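Same order as they appear, the protein sequences are chains A and B.
Heads up: the first sequence is residues 1 to 146, going by this note's numbering.
Heads up: the second sequence is residues 147 to 237, going by this note's numbering.
Incorrect hints may appear among the rest.
[To be verified] Calculated cross-link-like contacts (lysine to any residue; reagent style SDA-like; alpha-carbon spacing at most 25 angstroms):
id, chain 1, residue 1, chain 2, residue 2
1, B, LYS190, A, SER18
2, A, LYS11, B, VAL201
3, A, LYS15, B, VAL201
4, B, LYS184, A, ASP19
5, A, LYS11, B, TRP197
Calculated from the structure, these hints are not laboratory results.
Just so we're clear, the structure is a prediction, and the values are computed from it rather than from any experiment.
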Amino acid sequence: MNRDLSEALFKDQTKFCSDTTLLLVRSWRVVSASYPSLEVEFFADGRFPIRVKLLCDEWDELPPSIDLLDQNDVPLPRFPQGQGHSVFNNSAHPRTQRPFLCIPGVREYHEHSSHIGDSWDNYKSKSGYDLGGILTRVWSAWKNSQ
Amino acid sequence: MGKEQFVEVAVVTTSGTYPTSGYNNIPAHQKVRIDLEKADNELKITSIDGWVAQVGGRQIDIDKSYLDNGLSGQFFIDWGPRQGGGGAINE
């Protein structure tokens with residue numbers, strides 16, 4: 001993937017980071033949006049904020065690699081627990097040896113042996129799988145977790 | 147005939163906000179879907195499979211009217227994809 005092209009796409013798809021209405025409605029705070037990294041914090045009543053880090057090198061040839069951190073930039077040792085069928089997988093990912101997000105649009109999902117047949121190419125051109133859409137999916141999962 | 151009720155609506159997405167400033171004045175009996183389709187068109191959102199609309203953190207039924215969703219006054223509709231599949235079973 002051409003780096004300039006990837007960076008241009010990243011910049012275009014992170015314009016929402018300056019949309020104060022969106023940030024207010026969703027209680028999001030943008031920590032940084034500088035290629036290839038996007039970091040956004042989620043807030044909600046009665047919950048500790050969470051920082052989501054998307055590493056977007058090779059975007060959009062590859063989906064972002066996503067990790068969850070606390071507000072001090074420390075990776076969470078365990079991801080939040082969802083009810084029933086959770087997208088937060090607390091087993092060690094084969095590459096990162098870290099908990100990982102098990103949803104399409106996340107690099108750790110597509111490279112996992114359980115989903116090797118579910119290629120990123122199946123999603124990358126669809127609405128809702130741009131960077132804002134993927135971040136929205138992570139936010140939605142977090143809201144449905146504890 | 148009673149006076150028709152209106153709501154003031156702005157649709158918020160990561161692709162932009164519709165309208166770009168302020169709110170649309172919409173009959174309260176109109177289905178939510180109609181304004182969302184206008185937003186999709188304006189913001190060049192081409193596929194909304196699995197998307198959900200929320201107001202104040204509550205999911206609303208886009209095939210019902212604003213009145214039937216219990217909405218009135220001025221508000222934002224948060225429009226975007228839900229989390230999607232995958233995952234592990236947590237007991």
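LYS11 (chain A) and TRP197 (chain B): Cα distance at most 25 angstroms?
Answer holds: LYS11 (chain A) to TRP197 (chain B) is near 24 angstroms, not above 25 angstroms.
Between LYS184 (chain B) and ASP19 (chain A), is the straight-line Cα distance small enough, at 25 angstroms or below?
holds, 20 angstroms
LYS15 (chain A) and VAL201 (chain B) were given as a pair; does the straight-line alpha-carbon distance stay at or below 25 angstroms?
holds, 23 angstroms
Given the hinted pair LYS11 (chain A) and VAL201 (chain B), is their alpha-carbon gap at most 25 angstroms?
violated, 28 angstroms
Assess, step by step, whether the Cα of LYS190 (chain B) is no farther than 25 angstroms from the Cα of SER18 (chain A), and give holds or violated.
Given pair LYS190 (chain B), SER18 (chain A) holds - Cα atoms ~19 angstroms apart, limit 25 angstroms.
Hint check: a violation occurs at hint 2 only; the rest are consistent with the structure.
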